[in-house]
Amino acid sequence: MRAILTVFAKEFRENLRDRRTLFTALVFGPLFSPLLFAAILMLTIQRGDARNDQPLKLAVAHAERAPNLVNHLVEYGVTVEPVTYDDAAARKAVRDRTQRIVLMIPENYGERFLAGKPAPLELYSDSSEQLAERDVRRAKAIVASYGATITQLRMIARGVDPVSLAPIAIHDVDVSTPASRSVLALGTMSYIILITMLMGGMYLAIDATAGERERGSLEPLLTVPVRREHLIYGKILAACAYMSLSLILSVTALSILLRFIGLESFGMSVNFGPITALKVILFSLPLVPLGASLMTIVAAYTRSYREAQTYLGLVLLVPTIPLVFVGALGLEPTTALMATPSLSQHFLITSLLRDEAIPLAHMALSVGVTLGLGALLAGIAGRLYHREALLG
Amino acid sequence: MIEANHLSKRFGSITAVKDVSLRAEDGRITGLLGPNGAGKSTTLRMLYTVIAPDSGDALIDGVSVVNAPLEARKSIGVMPHNAGVYQHLSARENIVYFGALHGLSKQVSESRADELIKLLDMQEFATRPAKKLSQGQKMKTALARALIHGPRNILLDEPTNGLDVMAVRGLRHLLARLRDEGHCVLFSSHVMQEVAALCDDVVVIAHGEVVASGTPDGIRDRTGHDNLEDAFVQLIGTGEGLA
Numbered sequence: 037m038r039a040i041l042t043v044f045a046k047e048f049r050e051n052l053r054d055r056r057t058l059f060t061a062l063v064f065g066p067l068f069s070p071l072l073f074a075a076i077l078m079l080t081i082q083r084g085d086a087r088n089d090q091p092l093k094l095a096v097a098h099a100e101r102a103p104n105l106v107n108h109l110v111e112y113g114v115t116v117e118p119v120t121y122d123d124a125a126a127r128k129a130v131r132d133r134t135q136r137i138v139l140m141i142p143e144n145y146g147e148r149f150l151a152g153k154p155a156p157l158e159l160y161s162d163s164s165e166q167l168a169e170r171d172v173r174r175a176k177a178i179v180a181s182y183g184a185t186i187t188q189l190r191m192i193a194r195g196v197d198p199v200s201l202a203p204i205a206i207h208d209v210d211v212s213t214p215a216s217r218s219v220l221a222l223g224t225m226s227y228i229i230l231i232t233m234l235m236g237g238m239y240l241a242i243d244a245t246a247g248e249r250e251r252g253s254l255e256p257l258l259t260v261p262v263r264r265e266h267l268i269y270g271k272i273l274a275a276c277a278y279m280s281l282s283l284i285l286s287v288t289a290l291s292i293l294l295r296f297i298g299l300e301s302f303g304m305s306v307n308f309g310p311i312t313a314l315k316v317i318l319f320s321l322p323l324v325p326l327g328a329s330l331m332t333i334v335a336a337y338t339r340s341y342r343e344a345q346t347y348l349g350l351v352l353l354v355p356t357i358p359l360v361f362v363g364a365l366g367l368e369p370t371t372a373l374m375a376t377p378s379l380s381q382h383f384l385i386t387s388l389l390r391d392e393a394i395p396l397a398h399m400a401l402s403v404g405v406t407l408g409l410g411a412l413l414a415g416i417a418g419r420l421y422h423r424e425a426l427l428g
Numbered sequence: 031m032i033e034a035n036h037l038s039k040r041f042g043s044i045t046a047v048k049d050v051s052l053r054a055e056d057g058r059i060t061g062l063l064g065p066n067g068a069g070k071s072t073t074l075r076m077l078y079t080v081i082a083p084d085s086g087d088a089l090i091d092g093v094s095v096v097n098a099p100l101e102a103r104k105s106i107g108v109m110p111h112n113a114g115v116y117q118h119l120s121a122r123e124n125i126v127y128f129g130a131l132h133g134l135s136k137q138v139s140e141s142r143a144d145e146l147i148k149l150l151d152m153q154e155f156a157t158r159p160a161k162k163l164s165q166g167q168k169m170k171t172a173l174a175r176a177l178i179h180g181p182r183n184i185l186l187d188e189p190t191n192g193l194d195v196m197a198v199r200g201l202r203h204l205l206a207r208l209r210d211e212g213h214c215v216l217f218s219s220h221v222m223q224e225v226a227a228l229c230d231d232v233v234v235i236a237h238g239e240v241v242a243s244g245t246p247d248g249i250r251d252r253t254g255h256d257n258l259e260d261a262f263v264q265l266i267g268t269g270e271g272l273a
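Protein chains in written order, with the working numbering: chain A, 37 to 428; chain B, 31 to 273.
These are calculated hints, taken from the structure and not from any lab test.
Take the hints with a grain of salt, since some may be wrong.
[What the hints assert, rightly or not] As a list, the in silico EDC-like pairs of lysine to aspartate or glutamate whose alpha-carbon atoms are at most 20 Å apart:
1. A/Lys176 with A/Asp162
2. B/Lys104 with A/Glu265
3. B/Lys162 with A/Asp54
4. A/Lys315 with A/Asp391
5. B/Lys162 with A/Glu111
6. B/Lys48 with A/Glu424
As the structure is a prediction and not an experimental result, all values here were calculated from the model.
Excised from the complex, chain A in its bound form (with noise of 0.2 Å):
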């Protein structure tokens, strides 16, 4: 026990002195991916807050042959600019993205209105252009009211109650919730937090298991009376150590900038105060001498430093797989899927954001199997450090 406490004191020390190492677990992983997520997170929400509340901009080509139209238009609060269009002026300005959409009033509007026949309008956009596809929903809704303002109109004029022609009406019940509503930044936001936790021990379980070989100095510490799983077990200490500072580190950063984004004007909340951070932390720990350990034992099966460096970068993939798989399926956390480390923590760090209830069932059973594998595999990379094949 004291031989693993010193390998972990040495290793935690040596660590603290490399740069690099240091960098990526404490500066680079924990604040930098936080601060990306929250900078992006803004400006989506910036976006659509802007585009709701500015006014609709619509050029309208030959507006004299319609002005009750245009008076609606104006009166529902857009911003109407006369232009002189013809069908292909319309085109190429909306092709040169000069104007996002055109409404244009033909010739033959006027007479067919009068005569109570279908008066017929032209709206050009871009349906390959994303943005456009928000003012075009906007911009018809406004003359289909103006429509259904004239039909009850003509009706009334021909003596029909204007309320027969709504048979049904539906009305929307939306009963998505703020925090529900706010999934998809959830979900990227429990991937952030695995990521950033593995990343923190991954220099060094290189640096502990391939540097070490690489640079000779593991020959001589196994001349040492000391048990080779011991020297492992400190080294994967020492991982698991800067592991839950990356840790606490980026669910921290986290927590305090999304205070600063302001979530709840784009409707959505996340429950993200002191104490579900806390237990974010709780619950994401299981996860760190699982991981610390497969990093290790991979790393110990790499002949140099650049090959392990390879294929963690593969490992780091593993633990996001189900990840992938959660948003693609739609999958809801179940009790078999709650035995999946990383996917467990995934669910259960999503759901303390959303502010749900966690089964206590599925509390255990994420703690337990995470627990308990990552006890595996550091046994399986004690015994790594018995073969004659790691001397290189």
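Based on these hints, arrange chain B on the given structure of chain A.
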């Protein structure tokens, strides 16, 4: 004292060491001489317990490296092939770390480290990070690290590799001094002059087998060559791989 009895080791289809027996006595310097690839390192690795022999055994002060490797390690100090030290630790921290791994208390480790730093004349660079040390300074650090627990038996694998003349002289003086203190010193080398200048006993190894052993004079007598180099060439069958 180190006593190897019929050690053999195969790696896949290659027999690296075949039936090697040797004795390295206390108070004497024993040289393991042979060309590159003769099996010197493999023999030493079995003696300092990082690999296990396929057959045969070795006794370190009477303790079997096969049956009680942990116990055997307590009485050996090892300087393997390249003096791998921890880059981000200072020379002194490297030494103290091994003291702790040998189970010494912090105070004992530190005071022993200070003694060794003085003995090996390392004061100038003891607190410098190991990555900034020269090859000779790293060698001294590795040597001090091997001696931190005051082992009776000292094993060195090609200790003079990559050292300049002054550093080699320093190492020779130190090994002689350890011998005079009663230690058993066993080192491997492919440099004949080194072995001739320093060793009380020589074990000549070629193709994984011991081809001769004894004092340098004894070997000269037996082969009928006055010149040690000619004697070795005759024993090994070729001069290839020696220096």
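Right, here's what the structure says about each hint:
Restraint check for A/Lys176 and A/Asp162: the C-alpha separation of about 15 Å stays at or below 20 Å, so the hint holds. The straight-line distance between the Cα atoms of B/Lys104 and A/Glu265 is roughly 18 Å, inside the 20 Å bound, and the hint therefore holds. A hinted pair counts as satisfied when its Cα atoms are at most 20 Å apart, and B/Lys162 with A/Asp54 qualifies at roughly 14 Å. With a CA separation close to 12 Å, the supplied pair A/Lys315 and A/Asp391 stays within the 20 Å bound.
Pair hint B/Lys162 plus A/Glu111 does not hold up; C-alpha atoms about 78 Å apart against a cutoff of 20 Å. Simply put, B/Lys48 and A/Glu424 have alpha-carbon atoms about 18 Å apart, close enough for the 20 Å limit, and the pair holds.
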